[in-house]
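Sequences and hints are given; from them, build the entire structure.
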Amino acid sequence: DGGITQSPKYLFRKEGQNVTLSCEQNLNHDAMYWYRQDPGQGLRLIYYSQIVNDFQKGDIAEGYSVSREKKESFPLTVTSAQKNPTAFYLCASSPRTGLSNQPQHFGDGTRLSIL
Amino acid sequence: AQGVTQPEKLLSVFKGAPVELKCNYSYSGSPELFWYVQYSRQRLQLLLRHISRESIKGFTADLNKGETSFHLKKPFAQEEDSAMYYCAHLTNTGFQKLVFGTGTRLLVSP
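Protein chains in written order, with this note's numbering: chain Y, 1 to 115; chain D, 116 to 225.
Treat the hints as calculated values from the structure; they're not laboratory data. For clarity, every value in this text was computed on a predicted model and none was experimentally measured. In this text, a Cβ means the ideal position worked out from N, Cα and C, and glycines have one as well.
Computed footprint of chain Y on chain D, listed as stretches where at least three residues anywhere in the stretch have a Cβ under 8 Å from a Cβ of chain Y:
{"no.": "1", "region": "154-160"}
{"no.": "2", "region": "215-225"}
Label-pair ranges, simulated between beta-carbon atoms:
{"no.": "3", "chain 1": "Y", "residue 1": "41", "chain 2": "D", "residue 2": "181", "range": "24 to 30 Å"}
{"no.": "4", "chain 1": "Y", "residue 1": "17", "chain 2": "D", "residue 2": "127", "range": "38 to 44 Å"}
{"no.": "5", "chain 1": "Y", "residue 1": "69", "chain 2": "D", "residue 2": "161", "range": "27 to 33 Å"}
Structure below.
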């Protein structure tokens, strides 16, 4: 099956700890994205990557980091600098960025909570 | 600033009733708008986009530039339509990205 796989489904973070959320896609998409979903706030863009070895900050990048060493992988690290990390995190991909006829495909999400 | 507004957090209707999920946008130029849906225990997925002028699962959405709206409509709601619906807009400044509304939960009761 082609698609986006996020893992783990649930993740717990201790104070001062960095955690990494995995996102893998086998759709051969160039562009990948990370969103944060909070109740009543919709989806907000954290980081995006248009191509391998390139990534850009979204609207709420503070306290997060990413890498894009492979086309199919775009892991997100939630650092200890992120003071309010409890949220649902969604990864998405699209063939390219910014084209309305190439919609984004989403993963199942990872729910991060603080211990 | 460019954005979309979904004024209703929750919309509750009975099966067979008409449904209208509201979305207003603030944008200068020709907007590109989408509706995404998230059913229970399923991933977020594209429902429809205004450029296609299509009807998906009985839903339609017409762009009204005068009212700056892109409301999602269905004449007869079904229980399986119960889900979270997000209106989204593709920006045209710098990196083109999707900007999502806060979402409306639709509950269709039997």
